[in-house]
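**Q** For reference, the chains in residue letters:
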Amino acid sequence: MARRYVSIWFRFLQADYCALRQPALRSGPFVLASPDHGRMMVRAVNAAALQAGIEAGITVADARTIYAAVEVRDDDPALVDSLLQRLAAWCIRFTPVSAIDGAEGLLLDVSGCAHLWGGEAAYLHDLVQRLQQLGFTVQASMADTIGAAWAMARFTQHPTIVPAGGHIEALQGLPPEALRLEPATTARLRQLGLRRIKRFLSMPRAVLQRRFGTHFLLRLDQALGTATETLTPIQAPAPFEERLPCLEPIVTATGIEMAIEQLLTSLCKRLEQEGKGIRQAVLKAFRVDGAIEQIAIGTHRASLHVAHLFKLFALKIDQVEPALGIELFLLEAVKVEAVEPLQEKIWEGSGGLDDTGLSELIDRLSNRIDINQIHRFAPAEQYWPEWSFRDAPALHGRLPDAWSASRRRPLTLLYQPAPIQVAAPVPDYPPILFRYKGQVHNIKKADGPERIEQAWWLQTGEHRDYYVVEDEAGKRYWVFRSGHYDAHNKTQWYLHGFFA
Amino acid sequence: MMPQQPAIKAKLEQEILLLQGFKPLTADPVRAIDIGPIAQSFPFQQFPTGGIHEFLISDPSDDACTTAFIAGILAHLMRAGGAVIWITGSKKLFPPAFKQFGIEPDRLILIDLRKEKEALWVMEEALQYPGLAAVVGELNNIDFTASRRLQLAVEKSRVTGFILRTVQRRINTIAAVARWQVTSLPSESADGLPGVSFPRWKVDLLRVRNGRTGSWTVQWQSGGFRFPQAPALGQLPAVPLPATKLPASNKKTG
Numbered sequence: 145m146a147r148r149y150v151s152i153w154f155r156f157l158q159a160d161y162c163a164l165r166q167p168a169l170r171s172g173p174f175v176l177a178s179p180d181h182g183r184m185m186v187r188a189v190n191a192a193a194l195q196a197g198i199e200a201g202i203t204v205a206d207a208r209t210i211y212a213a214v215e216v217r218d219d220d221p222a223l224v225d226s227l228l229q230r231l232a233a234w235c236i237r238f239t240p241v242s243a244i245d246g247a248e249g250l251l252l253d254v255s256g257c258a259h260l261w262g263g264e265a266a267y268l269h270d271l272v273q274r275l276q277q278l279g280f281t282v283q284a285s286m287a288d289t290i291g292a293a294w295a296m297a298r299f300t301q302h303p304t305i306v307p308a309g310g311h312i313e314a315l316q317g318l319p320p321e322a323l324r325l326e327p328a329t330t331a332r333l334r335q336l337g338l339r340r341i342k343r344f345l346s347m348p349r350a351v352l353q354r355r356f357g358t359h360f361l362l363r364l365d366q367a368l369g370t371a372t373e374t375l376t377p378i379q380a381p382a383p384f385e386e387r388l389p390c391l392e393p394i395v396t397a398t399g400i401e402m403a404i405e406q407l408l409t410s411l412c413k414r415l416e417q418e419g420k421g422i423r424q425a426v427l428k429a430f431r432v433d434g435a436i437e438q439i440a441i442g443t444h445r446a447s448l449h450v451a452h453l454f455k456l457f458a459l460k461i462d463q464v465e466p467a468l469g470i471e472l473f474l475l476e477a478v479k480v481e482a483v484e485p486l487q488e489k490i491w492e493g494s495g496g497l498d499d500t501g502l503s504e505l506i507d508r509l510s511n512r513i514d515i516n517q518i519h520r521f522a523p524a525e526q527y528w529p530e531w532s533f534r535d536a537p538a539l540h541g542r543l544p545d546a547w548s549a550s551r552r553r554p555l556t557l558l559y560q561p562a563p564i565q566v567a568a569p570v571p572d573y574p575p576i577l578f579r580y581k582g583q584v585h586n587i588k589k590a591d592g593p594e595r596i597e598q599a600w601w602l603q604t605g606e607h608r609d610y611y612v613v614e615d616e617a618g619k620r621y622w623v624f625r626s627g628h629y630d631a632h633n634k635t636q637w638y639l640h641g642f643f644a
Numbered sequence: 003m004m005p006q007q008p009a010i011k012a013k014l015e016q017e018i019l020l021l022q023g024f025k026p027l028t029a030d031p032v033r034a035i036d037i038g039p040i041a042q043s044f045p046f047q048q049f050p051t052g053g054i055h056e057f058l059i060s061d062p063s064d065d066a067c068t069t070a071f072i073a074g075i076l077a078h079l080m081r082a083g084g085a086v087i088w089i090t091g092s093k094k095l096f097p098p099a100f101k102q103f104g105i106e107p108d109r110l111i112l113i114d115l116r117k118e119k120e121a122l123w124v125m126e127e128a129l130q131y132p133g134l135a136a137v138v139g140e141l142n143n144i145d146f147t148a149s150r151r152l153q154l155a156v157e158k159s160r161v162t163g164f165i166l167r168t169v170q171r172r173i174n175t176i177a178a179v180a181r182w183q184v185t186s187l188p189s190e191s192a193d194g195l196p197g198v199s200f201p202r203w204k205v206d207l208l209r210v211r212n213g214r215t216g217s218w219t220v221q222w223q224s225g226g227f228r229f230p231q232a233p234a235l236g237q238l239p240a241v242p243l244p245a246t247k248l249p250a251s252n253k254k255t256g
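Chains A and B, in that order, are what the protein sequence lines are. Residues in the first sequence are numbered from 145 upward in steps of one, following the numbering used here. Residues in the second sequence are numbered from 3 upward in steps of one, following the numbering used here.
So that you can see chain B by itself, here it is in the shape it has in the complex (with noise of 0.2 Å):
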């Protein structure tokens, strides 16, 4: 019986993986998101696509990488041809900059709403819907409740959510698969030449549903993530924090 044993607890895991709403994704290469090393902090080895992610903004500043992670996700996402809603709140956004992210930029239905009230009722209306690719949502003040809500809508339709937070005080906990931050860091050209050179940021797992947390240094070139092998920062040893107060380390960074 003894050498059985890490199958069978194996298979338990992924029982109760099933059980929590984590589907497996068919080996369909289509639908797999290149993401590197990231793809191991989740269960099964794979970005939960079908399950709310939530990304924390800290600084204004880091608006722009925020939506550029995403953006380099979502062109994943689209390339089965589906289009994305992206509901957008105080930020501007310069569509045919989604082009360099290997994104159409017209198949972004991009909407402007003030109100956060009706921005959730748009994303929970738009997250039933099986068709959509995926749908962004600007939600500053998202309750657990108003959370919980999205996460039963994707768990019918298996669209994937992005929540964006810009949040400066109080973070509460919402229900979500992830919580990510990205912030920027300097570009670093090979040899040395002048110039600004690939986007480069830090991209933190602050907390995974059954999975590890991490910390990695992310690099957009030529159409996908890059991981470059920064001695300070790559994938370090992550440390659970507590969901009142982002750590300070973020902070320093951002």
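Isolated chain A (complex conformation) (with noise of 0.2 Å):
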């Protein structure tokens, strides 16, 4: 599909924005100043002041001898670029595609928008006069590449559209600063006399390119279309998203469950036809005071099924807070995955792990709780007890490798092992008594040793000779000893688990 591009100029940006704030500023020229290196230097002009000779860059000193009656404001260096990302995102109601481009113009990719305002002429139309009841000064255009209307917004003085496929004609008459090249580049092209741009059109891209550089055939390429040129939206465009306008502005609950419930109920028909399931999903609430509330949720596994998923929105309800009312909804589904509708079917109810139900269930719990206070454990390869099992990367699904019971593990186990005092008889025996939190446990049955060494590749510490115990009360525990015995150093004991 042929793209069209719309470029917005935003002549005296920072000036109409003050003119909005301060009407009293808009019967005669001003100019706003910030200093640098002990000078006040003007950064930006009204459309008076430009009349009248001042030009951005001058000192205050010079302006004031230009017209002495003009006002000076401080200039906010912040402001452009808030002011900007505020009237890409307010383009969006004309295309979903807005760019911020460079200090003071806006971008729009308008590819199949325009036809929904009744053609490109109303497009535009629309577009340059509601910014200028918003009171900017505007200079649009549209084309066929960003270039183009880049050139026919700033270099012609009313409203252009290009046809489809007339750029390059439109272009003939411009001059060469219309290309977005540097400085440098326009002055040597208007030294040598090329003062439009068709007199250094039809030239060999040789001889540009050794004269020029490559970055002139480039801008160059980028406006005639020969060479793709992207924009960066301030906001993606997300695939799969629903809008609710409300008649009346929603205040109860009872509303916000009935707006969430129609909302999920298209978004997942849509979302059923290309085979997807939500993950994640947000929820908009546009404020009549222009305050934005939003609730979040997340699932274990792609979910379609509007009840459940009402449920997750409808625990976090009270977290919105409609004030004076909302008027519009916006569902959107942050991240989706693809889903096997056969697959749920057949686990349905089975009680297992691929249960949707238990998913559905899990779900519920982690909206509430914190997702990572539950686990699922897989094994681990590593031989250290407290090593040997780690989180499962997901709540469903089989497992790499299977469990060992080759040997006996105890139920509980201490995470840190605790150091105990113990008595042994002969080096690698078993001990006959151990003390832990301030009791002796006389030992009268004993399995073992059962030495476990650390991995090879992080082998900083010691080995551990584990022994299974019983006291005389019958409990039974898991004991190690710290490498090998010694006669001259005193070798640790610790308690790391308990028997069934």
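Any given hint might turn out to be false.
To be verified - No more than 20 Å apart at the CA atoms, straight line, and that leaves these computed lysine to any residue pairs for SDA-like:
1) LYS94/B - TRP528/A
2) LYS589/A - LEU195/B
3) LYS455/A - GLU120/B
4) LYS428/A - LYS479/A
5) LYS101/B - GLN526/A
6) LYS94/B - HIS519/A
7) LYS94/B - GLU386/A
8) LYS94/B - GLY317/A
9) LYS455/A - GLU127/B
10) LYS101/B - ASP545/A
11) LYS455/A - SER510/A
12) LYS413/A - GLU386/A
13) LYS119/B - VAL169/B
14) LYS101/B - SER510/A
15) LYS101/B - HIS449/A
16) LYS101/B - GLU530/A
17) LYS428/A - ILE236/A
18) LYS589/A - VAL570/A
19) LYS589/A - LYS101/B
20) LYS117/B - ASN516/A
21) LYS420/A - HIS449/A
22) LYS101/B - SER548/A
23) LYS119/B - ALA148/B
24) LYS588/A - LEU195/B
25) LYS117/B - SER510/A
What the hints assert, rightly or not - Some but not every residue of chain B turned toward chain A, in silico, with C-beta under 8 Å:
26) LEU95
27) ASP108
28) LEU112
To be verified - Under 8 Å between C-beta atoms, here's a sample of chain A residues computed to sit facing chain B:
29) ASP499
30) GLY501
31) ARG508
32) LEU509
33) HIS519
34) PRO537
35) ALA538
36) ALA549
37) LEU555
38) LEU557
39) TYR559
40) LYS588
These are computed hints drawn from the structure, not numbers from a lab. The C-beta atom is built at its ideal place from N, Cα and C for all residues, glycine as well.
Got two chains here, separate frames each, mind docking them using the hints?
**A** Below, the structure written as structure tokens:
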């Protein structure tokens, strides 16, 4: 499909904004200035000041000699960025792809949007008129390439629409500055008498490259459409999104519930057609006073189950503060994944980990408690018991490794082995008693030792010799000696687990 | 009329049991829970699934054997392929060890919750889902009202719930089909071989709804419960216990 772009040029962006805030300034020329190396430099001017001959980049003193009564206001360097950001967001009502272009412009990718306004002329007219109503001086144009649209917006007077395929012709009569070149290159072109693009458009490429460099050629190609140029939209368009505008502002929980249900039904219907399910979704509620309330949910596996997703949202509805009312609901599936509907039917109600009901239960739990508190464990290839299991990557699915039950292991394990005092009669014998938490345990029976080494690739400490011991009360413990028995240095014993 | 009386009495008893929420299990061998002579203490001579079982731990060192006894029952409950949610509080379970009790450790979903309020909410929410094999929760300070909510949840979903309570002093009554206590006993190997033998426990049924209390010596051996005939402890006639304090005899064995 042929692309169409609109370039918008805000000629007096900062000045227009200041005039909106202080209508008194509108009558005469004024400048915005900020200090630089001890001088006050003019950063932005309004239309009247420009007419009087004041340009950005001169000092305030010079501006005053040109026009004595000029008003001076402080310039806020962060203003341009935030203004353009807001204007780009505002433009999303015209196209989903809107981007910031330099310090005083916006770029819109309007491919396939204009027919909704009844044609390109009506579209551009509406866009320009609405921006002018907001109080900004704008020049805009539409063309097949970003470069051509940019050039036409800045170097022609009225909103221009370059017809499809006509951009090369339209560029012919424009000065070289319209190609977004570096000042040095344009100065060079003018020196050589190339004052119009048509003068050098037909020159051999090799000649142009040699004289003006590759950047020049790239800009030329971008304007002509032979090189592709992309724009970075301020907000990546969400492909799975549903909107619900409300006739009357919504203030009740029941109203919000109805909105969620309606949005979920239509979104899930759309996702189902594409074989996708929701993993993460965000509900944004646009309030009358301009604030945006939002709640988010997540699921453990892609889900299209409206009742389940609704339940997850229902747990969070009390977090939405409607204030004066909500006028627009927007439901966005932030993360989607492929679902296999057939498989879901098979596992329905089986009770295993593949059961959809179970993952829905876990979803409900994890929307209230921390997800990091819910564990399913998988075996880990490590010798030391406290490292021999790890969190499984998902709550469902088979594990790559099998669990081993060849050795006797305690059901409860101290994650940090507790040091104990022992009495062992002979080296390499199990102890005859040990003291743990101030209590003495006389050992009646013992099994062992079972030597467990550290993994060779991390070998830093001692090996462990584990013993299963039983005291006179019938309690069974897992104790170990760290390292070999040493007559000179006392070896440390630890309690590590409790057997059944 | 006289010879029919016992039959009528049995029938009426069964009807009362049904009214009280006890349902006889189907003769499905997969669902039957093999707990040997202990089953005789319960109505219908079957371990009551779909109810709340309360396990008392009066001494923290009995934690492991209580966990093991529950694991043995869970292994039976999980044979149909279901998963188990285990809400742990202070305890640190060692998942690989569950394999010895016939449980695939990856079919356990462990939830660490310090706050008992949260644990109670999770337990109720989990018990409402009929697809689970069982739900185990550590709820030390659960009150009667909360336990009644859990009981109502299981009556609908038929999931078996286990409540572990580490109680030092007072024990309040909660709505449960049975109150158990498991304490460890010294292991005994056949032929006096040295070393630690199969785990052996003293299992007390302190309170059973519509059943008889009792005490048994249970041994975990080759993947199942075994009941060695220890003369001192085998099927003692049990005494009904007051609800407010633990019997002194249990403290001694602990």
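**Q** When the structure is checked against the list of hints, which entries are broken? Sort them ascending.
**A** The structure breaks hints 7, 8, 14, 15, 19, 34 and 35; every other hint is satisfied.
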